[in-house]
Amino acid sequence: NAGVTQTPKFRVLKTGQSMTLLCAQDMNHEYMYWYRQDPGMGLRLIHYSVGEGTTAKGEVPDGYNVSRLKKQNFLLGLESAAPSQTSVYFCASRARQGNNSPLHFGNGTRLTVT
Amino acid sequence: AQSVTQLGSHVSVSEGALVLLRCNYSSSVPPYLFWYVQYPNQGLQLLLKYTSAATLVKGINGFEAEFKKSETSFHLTKPSAHMSDAAEYFCAVNSGGYQKVTFGTGTKLQVIP
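If you read the sequences in order, they're chains V and B.
Just so we're aligned, residue 1 is where the first sequence starts under the working numbering, counting upward by one.
Just so we're aligned, residue 115 is where the second sequence starts under the working numbering, counting upward by one.
The hints are simulated quantities; they were obtained by calculation from the structure and are not laboratory data.
Don't be surprised by glycine CBs; every beta carbon is placed ideally from N, CA and C.
Check each hint, because a few of them may be wrong.
Restricting the straight-line Cα-Cα distance to at most 30 Å, the calculated cross-link-like pairs of lysine-lysine (DSS-like) are [as the list claims (entries may be wrong)]: (1) Lys172/B with Lys182/B; (2) Lys163/B with Lys71/V; (3) Lys14/V with Lys57/V; (4) Lys163/B with Lys57/V; (5) Lys71/V with Lys9/V; (6) Lys192/B with Lys222/B; (7) Lys183/B with Lys163/B; (8) Lys172/B with Lys183/B; (9) Lys183/B with Lys9/V; (10) Lys182/B with Lys9/V.
Residues of chain B clear of chain V, computed beta-carbon distances all greater than 10 Å [what the hints assert, rightly or not]: (11) Gly122; (12) Ala131; (13) Leu134; (14) Asn138; (15) Asn155; (16) Gly157; (17) Phe177; (18) Glu185; (19) Ser187; (20) Val225.
Pairwise CB distance ranges, derived in the manner of DEER restraints [what the hints assert, rightly or not]: (21) Ser140/B with Ala95/V: 17 to 27 Å; (22) Glu129/B with Thr54/V: 31 to 41 Å; (23) Gly130/B with Lys57/V: 39 to 49 Å; (24) Asn100/V with Ser123/B: 41 to 51 Å; (25) Ala115/B with Gly40/V: 14 to 24 Å; (26) Val143/B with Gln72/V: 29 to 39 Å; (27) Asn73/V with Pro193/B: 13 to 23 Å; (28) Gln17/V with Pro154/B: 22 to 32 Å; (29) Leu134/B with Gly40/V: 17 to 27 Å; (30) Pro193/B with Thr54/V: 41 to 51 Å; (31) Thr15/V with Ser123/B: 40 to 50 Å; (32) Ala168/B with Ala82/V: 45 to 55 Å; (33) Ser166/B with Lys14/V: 44 to 54 Å.
The following block holds chain V by itself, in its conformation from the complex (with noise of 0.2 Å):
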């Protein structure tokens, strides 16, 4: 049972470049999110999916773009990558059922822009 998987591991862009982090989940669960950490500031929710074809914005969306075209895979688009974009993405699903059902973490893609 892999979890929840990220890929790439680790990316290098230039300004201006774009890029598509995949997270793929295999435990059936409706909600997907995807977070960014960045030291002293925790991690902060850029977008997120309650279900399959369904996104929303979370608390720092500007700059990225998401899709699920299927239930076990969230995707985060950068359509022009900037400096301030460099952090550690974390993708995570939960279950459905219920407010106290754990979030499940990918192990991350650390993106660097220069």
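With chain V fixed as given, assemble chain B onto it according to the hints.
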């Protein structure tokens, strides 16, 4: 609105000493509270969660946390620190809704041999 405050971004303890990581929350409704642990170059893993069944919650690796409504706190403790406990710990609150999980800024625990 909900929020979480973790006091102390870095905590150092000696191996074998008590670990105390502080978390205070703010919530307009009864909250669900979580502690997660993050080891270097890994994602977050659930340590324990409070779901109102009991105020003292036991988690993995000997950690426990006590929910105190009067103090709006959910501090994490472990009687005796081990070197393998060195990691970053995050407190989180969910007051309702699928998107409303708010994380604290994290506390890095250093264990000194």
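field: Hints the structure fails to honour
entry: Failing hints, ascending: 9, 10, 15, 16, 22, 24, 27 and 31.
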